[in-house]
Amino acid sequence: MSKNFNMVLAGFGGQGILFAGKVIAYAGLMDGQEVSWLPSYGPEMRGGTANCSVCLSDEPIGSPQVLNPDVLIAMNLPSYEKFIKAVVPGGKVFIDSSLISGKVEREDVEAFYVPATTLAEENDLKGLANIILLGKVFKEVGFSSEEALHKAIEKCVPARKAHLKDANLKAIQMGMSL
Amino acid sequence: MKGNEALAEAAIQAGCRHFFGYPITPQTEVAAYMAKRMPKIGGTYLQAESEVAAINMVLGAASAGVRALTSSSSPGISLKTEGISYIAGSDLPCVIINVQRGGPGLGGIQPSQADYWQATRAPGHGDLHVLVFAPSTVQEMVDLVMDAFDMADLYRMPAMILADGALGQMMEPVEIKERPKRDLPEKTWAANGHENKRPHNIVNSLYLTPGDLEALVKERFERYDRIKSKEQRSESYMADDAEFIVVAYGASSRVCKSAVKAARAEGIKVGLIRPITLWPFPTDAIQEAAKTTKHFLTVEMSMGQMVDDVRLAVNGAAPVSFFGHTGGIIPSPAEVLGEIKKLAGGAK
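Chains A and B, in that order, give the protein sequences. With my numbering, letter number 168 in the first sequence gets 175, and the count goes up by one each step, no holes. With my numbering, letter number 231 in the second sequence gets 233, and the count goes up by one each step, no holes.
Do not take every clue at face value.
What follows is a list of derived Cβ distance ranges for each label pair [what the hints assert, rightly or not]:
(1) A:Glu117 to B:Val54: 48 to 58 Å
(2) A:Glu66 to B:Leu186: 34 to 44 Å
(3) A:Ala166 to B:Val54: 52 to 62 Å
(4) B:Ile43 to A:Pro67: 28 to 38 Å
(5) B:Ser238 to A:Arg167: 56 to 66 Å
(6) B:Asp243 to A:Thr125: 51 to 61 Å
(7) B:Glu51 to A:Glu66: 26 to 36 Å
Keep in mind that the hints were calculated from the coordinates and are not lab data. No residue lacks a Cβ here, since even glycine has one placed at the ideal position from N, Cα and C.
The shape of chain B in the complex, shown without the other chains:
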């Protein structure tokens, strides 16, 4: 299955029946798949007039308590940021997919990871975070979309899948497994018609009294703290006895896995930590590794964005280097191996 199709099918399996989108390479197959499937299962597929409209339709659907999805690629996500901020400010759950391409501006259409800052720092204006998941295989596209819907509902906030053009376009085998249903809170806040049986609900993000707004944002940040302590996820690969650690996510982590394997074959004690959640960032795993690691290397398809979070987690305990390509170029395993060798110096 193609990565983009896997994202779409996973959302349907997760119970999402409302998709609002606007075509953009390299994520168009998500919308195309939804256009085909949704009418057959009684769902809504709507191609909006723009990305701005699509995210506001998500806001509307999420207000009514249903699982809603939108997807786009980098320039389109920028257009959605206003809506994402409103959704976060209204404490609504939804899932947003970003199949990243080169930027800034219209950039290019080849794979990129240059929206890390946007996703983890400023997915919209105001004090806010969204959950950010970073799949690295087509199978994970499926698993993480399902997790994203659950987590969004659990914490009443938007969740983003931060993929890239390579993952969206590639095909790999996938298994769509029945999953145990997670215990999720009832959506008592939904504005879905009260039939005079309860007081009406209001979905809103406007608070003109500074004290009210501050209290609400503080409550939200307490929730963010709980998420940071409970929901960090990462995968360690050959990292147990490693003197050097490569940190990479998504498509570039696959390249790094190949490079780590090659370096191990040459006797270099190197491992990989692959963040699966980018927000919350797996600070704990990296902090723990920093106790025994001589040198970290962060590899990204950008000029170096996640490396900031790695440095914050390492907190000076070891040097942190960066290697990457941007503009739509995927680093090669040989290049990463070269960088690992530079770190390792003569030490074998």
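Just chain A, with the same shape it has in the complex:
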């Protein structure tokens, strides 16, 4: 299995896009991969769009900026529209279908529609739509071992939010079951 991934995660600021990217990077790190995480930063992060590039590789990573992702996770329409054309042929696209109603028109990419925000609200996992999507990405892409993913969640959930660890793990499971 190829374990080289160039991912873009994009959505509104506040949806946990940067956090989800961080979890993926840490999961790769726990598996001994080379990893990098590069956020968009600046005034656009407050209420506007946020995105990050995550690279996992067997070799030292060149450019940390992902221009042509093989995995795209889109959590709002502007982000989806911005990045869909850039996905490499054969790439995988994960869409929060509670927030993005359209279908992917490209036929050379594989699309997965996850109503993550609705699922999060219905299952007492408010604010964890990002992690539900992450679970689905993990199932379809297998960017790390499951153990590494769990360790990454442990590592990334800050101490003051320790009570949310279980909810995060539950959200991962939910995403994986879809």
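With chain A's structure known, arrange chain B on it following the hints.
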């Protein structure tokens, strides 16, 4: 760890307990990290009223012989240049971090390498240089900050870390290793209280007698010559049998590494020389490569600044081209690959 945090932690590991700063995107995490850590380890974190004040606090702390740090991004560094010149003129060691953003003026907040001229040519008024280090990974942010403090102490001069917004903001794994302590001269010049046990020390950069000033500057330039002959650093990547050489530092060197790898896969004999010290510039490595290189390509996130130093080093032995983006745009590997192919022409 985030690049900016790595810079800060490395400084603490290097024994720096005095940080003076002023927030500016994209380096604010350096200050934020220091604000959190310094009080816990008995250090000083001080948010100054301006960049000018912060660099003068560094001057004061360095005069007393302690390791002092300030950090900023491009517009803030411009404000610090007066102080940097005073520090150089007083022969004091310190470290200055520049996490570059787009310019001129307030410019933008996205990554840039447009302060190369400022760092290597005129980091302040007068005849002076500062040591300039250019990290290209978060790990190197750590290693070079530690080297910068040592080298600043060794040569009694300011050292600058010239990073950029991408390196500051990105996260990569880092290892903070115990390092062998370097043998450094005792700071007998420090104005740190003499308790009547020795004559007092004066830290000063004002010399009204031209002869005195010239002698001092000449002494400093002899030191600069020693540094140029001893401290040049660069990394060569796939350069041994290369017909074409790409020269790039910092974030753009990562893009170039990807492009060089892709070009090699297509059979083009291309390599990369990545300057790690920008002052002293790794002239020797480039001069050596110029003997066998058909064409050089310099890639920067600027309109072309380091390319001047590459041309000086190549000294007409081969043509030197430039490719870059400015204003906060990172060149893409595909663009650089396109430029390499242009050089290589049909020759495979």
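Check your understanding: For which of the previously enumerated hints does the structure constitute a violation, in increasing order of number?
Key -> Hints 3, 5 and 7 contradicted; others consistent.
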